[in-house]
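Here the sequence shown stands for residues -18 to -1, 1 to 142, where the numbers follow mature numbering (1 follows the signal peptide of the UniProt record, and there is no 0).
Note that these hints are calculated values from the structure, not bench results. Hints are supplied without guarantee of correctness; some may be wrong.
List time: in silico DSSO-like cross-link candidates among lysine-lysine, alpha-carbon distance up to 27 Å [stated by the list, open to error]:
no.: 1; residue 1: 95; residue 2: 128
no.: 2; residue 1: 21; residue 2: 115
no.: 3; residue 1: 115; residue 2: 45
no.: 4; residue 1: 128; residue 2: 115
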Amino acid sequence: MKVFVALFLFSAISCSSAINVTQCHDIEKPIEGLEERVKIGNCKKPPCRLRKNSVVKIELNVKPARDIEKVVNSIHAYIAGVPFPFPGVDGTDACKNIYSADGQNQVGCPLKKGEDYLYRNNIEVLQIYPRVKAVIHWGLTPTDGKDDVICFEVPARITN
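Using the sequences plus the hints, can you model the full thing?
Below, the structure is given as structure tokens:
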């Protein structure tokens, strides 16, 4: 009975920490366990609330399927189907945000095939952003133009 209770609690905790995200359509292979790999601030379920004048912590557990020299951030919000890049973040170097899997050491690039890494970033939600519902697109894109290391979309709402 104790084993059953322990397993139940573990699975409840595991499920409560996952965010309902969807893999980007342009990635060929499914990303295993994508929902468990993504943490967006305190968001437990979409739409994720992004408060103006705040900083939202993003953490992604990534495991490249191949060796990658360098990655950049690909971050924008789809509003009414139109992509709007996040200023100061979209297209910037993501290597400075790559840590060892335990988050203790900043390791940067290159990324080695099959190794686990933690991507960590803080995103400023600017006062000038409109109060709106959007779909946030987040990807770590290799500079060689091949498949993203990770790419997901999640419904969000920018609020006061």
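Problem - Index of numbered hints that the structure contradicts, given in increasing order - result: 3, 4
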